[in-house]
Structures are given as C-alpha cells and as structure tokens.
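A.B. asks: Residue-level listing of the chains:
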Amino acid sequence: MARAQLTLLQVLVAVVSLVLWHVLTTYPLFGHILLPPFFFSNPVDVAAQIVSWFASGVIWKHLWVTLIESILAFVIGSIGGVLVGFWFARQPVTAAVFDPYVKMANALPRVVLAPIFTLWFGLGIWSKVALGITLVFFIVFFNVYQGVKEVSQTVLANARMLGMSERQLMRHVYWPSALSWMFSSLHTSVGFAVVGAVVGEYLGSAAGLGYLIQQAEGVFDVAGVFAGMFVLAAFVIVIDILVTMVERRLLVWRPAAETRT
Amino acid sequence: MTELAQRNSAVSLAGVDVSFRLAGGGIFTAVKNASLAVADGEFVAIVGPTGCGKSTLLNIAAGLLAPAAGTVDIFGSALASLNRQAGYLFQADALFPWKTALENVAIGLETAGIPSPEARARAKEWLSRVGLGAFGDRYPHMLSGGQRKRVGLAQVLIRDPKILLMDEPFGPLDAQTRQIMGNLLLDLWSADRKAVLFVTHDLEEAIALSDRVVIMSAGPAARIIGDWRVPLPRPRDISEVKLDRAFHDLHRDIWHMLKAEVVKGYAQAEAV
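Quick mapping for you: the protein sequence lines, in order, are chains A and B.
Heads up, the first sequence is in the working numbering, so the first residue is 6 and it goes up one at a time.
Heads up, the second sequence is in the working numbering, so the first residue is 887 and it goes up one at a time.
So that you can see chain A by itself, here it is in the shape it has in the complex (with noise of 0.2 Å):
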C-alpha cells in the first residue's frame, strides 16, 4: 500500500473515532444520549482543556517532573541491571543462591511496594523514581544475564584462539553482547519507566502527569482525566520515536530481520 494511502487511512481511523466519540456523547439517538457525558466528556472539552493546559503553560512543569523521574529511574535502574546481570551471568554460584529471591521479587506486583516508597523516600519524586527503578532494573537484569551467558560458543573459542585475556573477553565479546540484549529490550524499559513515574504520581504526589490525572478524577472532571491521557500518550509516543533513533545508532551492526523484544 502506497505510504500517502496508508496515512490517509490512519487519519481516517482518528476522525471517525472522534466524530463517534463527539456525536454519541451530545447528541440524542432514540431518545437519550448513549454516552453520558459526565462519564464520558466530550472531544471538544477535552481538547480545550489540553489547549488552557499549553497556553497557561502549567503543563510543562508536570511533563518535566515526569520525564525527569523516568529518566532517573531508566538510568539507575538500567545500570543497576547491567551490573548484576553481569555479576551473576559470569558467577554461577552466585546466580544459583540468589535465583530464588530474584524470581520472588520479580514476582511481585510492583504496585504494592509504591506506598512503601512513599513512606520512605516521601512524596517528592525520589518515591517515584524508586518504583520506576524495580520495574526497569528486572527487564534490563534478566536481558543481560541472558546476553552474557547466550554469547555464541564459536565466537567465544575464536576470541580465545585470537589470543583474547579474559579483560579483554569482557571489552570484546560479553560486553557488547551484553549491551546487544539490553538495547533490544530497550522500548520496554523505557516504557516501564515512564509506567513507574506516572503509577507512582498517581498514588501520591504534588506534580507529574499522574498527579494531574488523580486531581482531575477527584473533582470528577472527566474531561480532564482524558486530556491528561492524551498528553501522556504523546509524551510516551515521543520518547519512543526518540529510542527509535538511538537504538538504530547503537544497532546498525544487527541484521534487520532479527530484531528480539
């Protein structure tokens, strides 16, 4: 399908939506109006909420609170992953005492542990960052422990036959591959982060998107709960098309077709 075509699809799937979205919730069919709309707002509302929410320019300081904690929690969290990853990949004794705890905590909803943090860390965003971290530090863990151990035999006995020091396996081969895992994994990290950072708004907080949504919800103003959707929609949407262009630097030496999740 032409690339035109395809866009005028697509914008036509947003149109619809919102022309249904717009006439179910003002206007009567049969009778009643199918879409209360105090439980559902309206296109119109909404969007003139999120344009007071620009011109005021309040929004930003809430986009940066967010963006500021899922930046943290993906840097901490990621290099945290990395290096226990590696530790345990490269020390299987370790590994094997720890595995139980580490499948234990992963197994955990991490929701439950934000009210903690809260408590601990207080209702600024190191509460937040510290939710975003447990979420984006198993992700990253669990790719580089594979990366490590999973390093191709062949490529490993010809490091070795090229006269590679185990520092320089590290530099040359566990490293990179390491690196090659957690990259792959790298939209999912970032999302988490961006889901530990609002998450943990939501649950407490005096800035951020989830924070702006939770207000909004409190007062019931429905319009406000989707303008806030919307805008963090885009703002995961940018960060994703930003990872895009990373990860295409990083990875130009990978096949396209393989591409791992």
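Rather than coming from a laboratory, the hints here were simulated on the basis of the structure.
Here the structure is a predicted model, which means the values were calculated and not measured.
Backbone N, C-alpha and C fix where the C-beta goes; we use that ideal spot for every residue, glycine too.
One or more hints might be untrue.
Heads up, incomplete: computed chain A residues facing chain B, CB under 10 Å, no partners named [claimed, not checked]:
hint: 1; residue: 163
hint: 2; residue: 164
hint: 3; residue: 165
hint: 4; residue: 166
hint: 5; residue: 167
hint: 6; residue: 168
hint: 7; residue: 173
hint: 8; residue: 178
hint: 9; residue: 181
hint: 10; residue: 185
hint: 11; residue: 256
hint: 12; residue: 260
Since the structure of chain A is provided, determine the placement of chain B on it from the hints.
C.D. replies: Just chain B now, kept in the frame of chain A:
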C-alpha cells in the same frame, strides 16, 4: 613415531584418546588412539564420514579440548593449555557481529598489544589481500557467506600463526565459491608455507589442496585408518588439478576405503 620426527613436527599427536562424559553418566569415546604428525610447512587434510571426530581432533590440536589419553606436542613441546602458535578458522560463523570487517581483522593484532592505528592499517592491507578492500566498514551480516569466510581468513592470518587449523571452513559455501576460496587459500599459503591441518568431508577438496590426506574411520571411537601422500605438483589451480590423471587415480584409491566408512557411519547414525 620416532623422537626425531616428533621434534620436527609442527603438530604431533601420539596415541590420543578423546572422550566425553555423557549426561546419563556414561563415557563416550569419540576418538581412539589417534597418532598424527604434521611437518612444518606441510598441508594435511583430514577426511572422514560425518560425526567421526575430525573437528574434535582439531580442537585437541588447538588446545580448546584436552585429550583423555596420549600426548600433544607443538613444535616439540607439550601443549598444556591454549595453542598460542595456531590460528583457527571455524566452520560456523565466528566473526564478532558487532565489529566491522576491518575491526574484526584488526582485533587479533590489538589483543597482542599492537596500537590501534597500526593494527587497522595492517588490517586494511589484509582485507585487500583477500579481495575485500572496499568492504572494511561493513558488518558481518552485510557480507555474503564467502565474504565472511574471507574476513575470517584475514582475521586468522594477520596474526601470522605458525600453524593453521581449519574446520570445514568452506563447508557452507556453494561449489564455485569453494573453488575460488580454495585457490585464495593456496595463494596465501604458498607465500609462507605454514603447517596446515585442514578438516573436510569433501575428498576432492582434500586432494586438491593438500600434501597428505588422512582418513578417519566412522565414529564412535574413530581411528586414523589411512594416510596418503598427494603427488600433484605445486602451484596448483583447483579446477585444473581435478582434471589431472594422478588426481583421479588417487581419488579412486582413497574413495574405495572411505566409501566403506561412510556407509558404516550412516548405519551407526541410523542405529542411534
């Protein structure tokens, strides 16, 4: 084997057994009592049916695997760990996928402590020697199977090993590319005549390339059952040498013995 022969050999295996511990607790003997000497500058091919332990023998010579019994001597001294004098060209893709062709070739020098700019300059030279001068910035996945083998060859040869171990290096390539690669190998080899141990299941390839062809029996407990000298003159061109009468005679003689082993190999594979 005499003491003297052992001292003059680049690679000398004497009474080598190779066995693996099975998951069930038993012991599987892959190779039994193998003795083989490769003189310095000699090109020896090992031919045998699939699964006879040819590659295992190569891994022994490389020091990647330790024999269960017997001795391995490299230029007269016992091999204790990795064979530092050998270069190994693997059957499977062994290039570093995250390095460009140039980086892949240069890495063998860099690990030896040669500064990066010099290593790269020499890698560039080697890439053009294997006909890939314009492909230095490609990653392995952007190269064809034959091109990857060329990079692999340059990667091994740039370190100037005294012994070259090759494990069915041209196995996955198509017939034409194999011939071209074979000629390239002979060209490069004739420049400084390293000792070569070349494993293949292709008897024609073995005769065309080597000075001696060694035949292994079907596994398990594979043994060396034949050792032929190849009387063909050098320099050779692989496609031409195959038309030679001496080539055909030798091929017929060796094949006579090999065929029985191949059939045995299949029967054993089916029985498992």
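A.B. asks: A separate judgement is required for each hint: does it hold in the structure or not?
C.D. replies: Cross-check of the supplied hints:
1. Here the hint on residue 163 of chain A is kept, as its CB sits about 4 Å from the closest CB of chain B, short of 10 Å.
2. At its closest, the beta carbon of residue 164 of chain A sits 8 Å from a beta carbon of chain B; the interface hint therefore holds under the 10 Å criterion.
3. For residue 165 of chain A, the shortest C-beta to C-beta distance to chain B is roughly 6 Å, which falls under 10 Å, so the interface hint holds.
4. Evaluation of the residue 166 of chain A hint against chain B yields a held restraint, the C-beta minimum of about 4 Å falling below 10 Å.
5. Interface hint status for residue 167 of chain A: upheld, as the beta-carbon distance to the closest one in chain B is roughly 4 Å, under 10 Å.
6. Because the beta carbon of residue 168 of chain A sits about 5 Å from the nearest beta carbon in chain B, less than 10 Å, this interface hint is met.
7. Hint status for residue 173 of chain A relative to chain B: holds, with the closest Cβ pair at about 5 Å, below 10 Å.
8. The restraint placing residue 178 of chain A at the interface with chain B holds, with a minimum CB-CB distance near 7 Å, inside the 10 Å limit.
9. Of the supplied interface hints, the one on residue 181 of chain A holds, with its beta-carbon coming within about 4 Å of a beta-carbon of chain B, less than 10 Å.
10. The interface hint given for residue 185 of chain A holds, since its Cβ lies 7 Å from the closest Cβ of chain B, which is under the 10 Å cut-off.
11. For residue 256 of chain A, the interface hint holds, since its Cβ comes within 10 Å of a Cβ in chain B; the closest pair sits about 9 Å apart.
12. At its closest, the beta carbon of residue 260 of chain A sits 4 Å from a beta carbon of chain B; the interface hint therefore holds under the 10 Å criterion.
In summary, the structure agrees with every hint in the numbered list given earlier.
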